[in-house]
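Go ahead and model the full structure; you've got the sequences and the hints to work with.
For what it's worth, our numbering labels the leading residue of the sequence shown as 33, then goes sequentially.
No lab work stands behind these hints, which were simulated from the structure alone.
Quick caveat: nothing in here was measured; it's all calculated off a predicted structure.
Ideal placement from N, C-alpha and C gives every residue a C-beta, glycine not left out.
A hint or two may mislead.
As a list, the in silico DSBU-like pairs of lysine-lysine whose alpha-carbon atoms are at most 30 Å apart [unchecked claim]:
#	residue 1	residue 2
1	LYS600	LYS616
2	LYS576	LYS594
3	LYS325	LYS303
4	LYS603	LYS616
So the derived label-pair ranges between C-beta atoms look like this [unchecked claim]:
#	residue 1	residue 2	range
5	ASP528	ARG420	48 to 58 Å
6	PRO565	VAL291	44 to 54 Å
7	LEU606	ASN290	41 to 51 Å
8	ASP612	ALA142	45 to 55 Å
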Amino acid sequence: MSVVGFDVGNDTLVAAAARQRGIDVLLNAESKRESPAAIAFSRNARLIGCHAASASSAHAPFSSVKRLLMGATGRHPDSSLLRDLSRLPFPAAVGGGAVVHADHIGRRIALSPTHLLSMLLAYLKQLAEADLGGAPVADCVISVPCYFTQAQRRAYLDAAAIAGLRPLRLMHDLAATALGYGLYRSDLGGSGGPTCVAFVDVGQCDTQVAVVSFDMSGMKVLSHGFDADLGGRDFDEVLFEHFAEEFKDRYMIDVTGNVKASMRLRAACEKAKKVLSANAEAVVNIECLIEEKDVRGVIRREDFEKLCARLLERVVEPCNRAVTDSRIGLERLHSVELVGSGSRVPAIAKVLKEFFRKEPSRTLNSSECVARGCALQCAMLSPTFRVREYEVHDAIPASIGFYTSDGPVSTLSSDALFRRGLPFPSVKIITLQKNDSFSFDAYYVDANELPPGTSTDIGSFQIGPFQAHMEASKVKVKIRLNLHGLVSVESAALIDDYQRNATSADHMEVDTSGDDMGHKSRSERSIQRQELPITEYICCAMSKQELLEAQEQEHQLAYQDKLMERTKDRKNALESYVYDTRNKVDLQPFYFFSRTIFWLINCF
Numbered sequence: 033m034s035v036v037g038f039d040v041g042n043d044t045l046v047a048a049a050a051r052q053r054g055i056d057v058l059l060n061a062e063s064k065r066e067s068p069a070a071i072a073f074s075r076n077a078r079l080i081g082c083h084a085a086s087a088s089s090a091h092a093p094f095s096s097v098k099r100l101l102m103g104a105t106g107r108h109p110d111s112s113l114l115r116d117l118s119r120l121p122f123p124a125a126v127g128g129g130a131v132v133h134a135d136h137i138g139r140r141i142a143l144s145p146t147h148l149l150s151m152l153l154a155y156l157k158q159l160a161e162a163d164l165g166g167a168p169v170a171d172c173v174i175s176v177p178c179y180f181t182q183a184q185r186r187a188y189l190d191a192a193a194i195a196g197l198r199p200l201r202l203m204h205d206l207a208a209t210a211l212g213y214g215l216y217r218s219d220l221g222g223s224g225g226p227t228c229v230a231f232v233d234v235g236q237c238d239t240q241v242a243v244v245s246f247d248m249s250g251m252k253v254l255s256h257g258f259d260a261d262l263g264g265r266d267f268d269e270v271l272f273e274h275f276a277e278e279f280k281d282r283y284m285i286d287v288t289g290n291v292k293a294s295m296r297l298r299a300a301c302e303k304a305k306k307v308l309s310a311n312a313e314a315v316v317n318i319e320c321l322i323e324e325k326d327v328r329g330v331i332r333r334e335d336f337e338k339l340c341a342r343l344l345e346r347v348v349e350p351c352n353r354a355v356t357d358s359r360i361g362l363e364r365l366h367s368v369e370l371v372g373s374g375s376r377v378p379a380i381a382k383v384l385k386e387f388f389r390k391e392p393s394r395t396l397n398s399s400e401c402v403a404r405g406c407a408l409q410c411a412m413l414s415p416t417f418r419v420r421e422y423e424v425h426d427a428i429p430a431s432i433g434f435y436t437s438d439g440p441v442s443t444l445s446s447d448a449l450f451r452r453g454l455p456f457p458s459v460k461i462i463t464l465q466k467n468d469s470f471s472f473d474a475y476y477v478d479a480n481e482l483p484p485g486t487s488t489d490i491g492s493f494q495i496g497p498f499q500a501h502m503e504a505s506k507v508k509v510k511i512r513l514n515l516h517g518l519v520s521v522e523s524a525a526l527i528d529d530y531q532r533n534a535t536s537a538d539h540m541e542v543d544t545s546g547d548d549m550g551h552k553s554r555s556e557r558s559i560q561r562q563e564l565p566i567t568e569y570i571c572c573a574m575s576k577q578e579l580l581e582a583q584e585q586e587h588q589l590a591y592q593d594k595l596m597e598r599t600k601d602r603k604n605a606l607e608s609y610v611y612d613t614r615n616k617v618d619l620q621p622f623y624f625f626s627r628t629i630f631w632l633i634n635c636f
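The structure is reproduced here in structure tokens:
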């Protein structure tokens, strides 16, 4: 049985597997621990990972799949996310959901973000199967950001199904990070009570913060904070805009109007940002950027930090929200762990030190900690591995409520059935007074708990039809928030509770001559339970037919990939055979024959 964890980032992919000796990060075909989250199509081949990033194709490889997925599942057209999609080096249609097009085997195919994500997951699955000696891989744990909505989580499950995977859990990035941090430490949560640690993850496209409490028996996430539109790419974009303006004034060229030039400049800006992490100055030098012009620019770290002043202010905002929601003071934080590919900017560590009043630690591997935590969680959920007892309690990132035609279904404290900050999985059982079929709609209670521009609609559950036998019939509804963070109506039952008056004779062995037989009037109580049908309507979810079509398309693409791989292997084998045969054949007689023919021709 496979025990693997997958971290699908916006820019990179990491896979980890649990072994008897610990957690190993899997290597790709180039012996690297990280793979680019990119997909490219040539005339007759599909390339994923390192091959896609280095491919020479007429079109740029498809990347930023996580951002495309967010644009296709419930964000309004005027949100900052969809404006951000215009920066991608390939066209993405966003009307009714983000869709990209690719030319493959002489035909043009449309690909949704869910299908692109399934290709990345299938690639990680192949890495795991190759590492496990060809053993099939199905069970896994996949990481997701804490701010992902119900639609985006369902898209991950659909993508996993297309790729032939069976996720045991969709785990929040920082919950996985905290699991890998706390499981191996015996000094957390001693006699002094639980130990609280803040985790800050500055990724390529987002920033997430979590406050986690540790004790000897397990971990509990107290709160989440995030900025879904702030990551390392935004610091790259600051450098890009700076140098684009500088080159426009100095060399009279407009980089922003040329896709390939923009890609090259963005890549150079990313390298310059990394150089500034350890040096006071960075140089951007690109040959033949546009119109065969060589460009050169210099930027100092102080100037870079001034350009990023607004971004650095935004880094603190999710930290403040997470600490406030955790209801503990800064003085109770034992440490601050800084992870993520975008966290290497020195100015970020500086502003975090000022906010938390302590130096951020880097005891975890910034790029691998999420995948390692997912593999650990998969081992804990798998019956084939024995892991020490360690409880993992994650927190609900956004409050979820329900409403009917009569209004919100509220509790004593709020309109949310599943309140932000409470642990999940969780089950709620509510009783409603209904006499006929009704709609039971799920929604996010507070839009401020979601990324800007995100729809608060989750879905609708139609309960019925049914016919009540009484005017005051009750419907008992069981609602579950599962390990994936998905809410569903698990069951609904009609409860008829009524009383019926009846008269019966008490037969006793006594003398009753001259008396009427004693009669006693009593009330009989009858409770009848009838299970009701439930029809689910989920926003932005794939239908069964769409899922089957996507699986069929993926099977065809995978078959073509295997065919091309076998063809390439056969060609290589044929070429090796030709060279080997040529080395074995004695060519001396042929040389003599050719010289004889040449002499005869010259004689005549």
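Q. Which numbered hints are broken by the structure, listed smallest first?
A. Violated: none.
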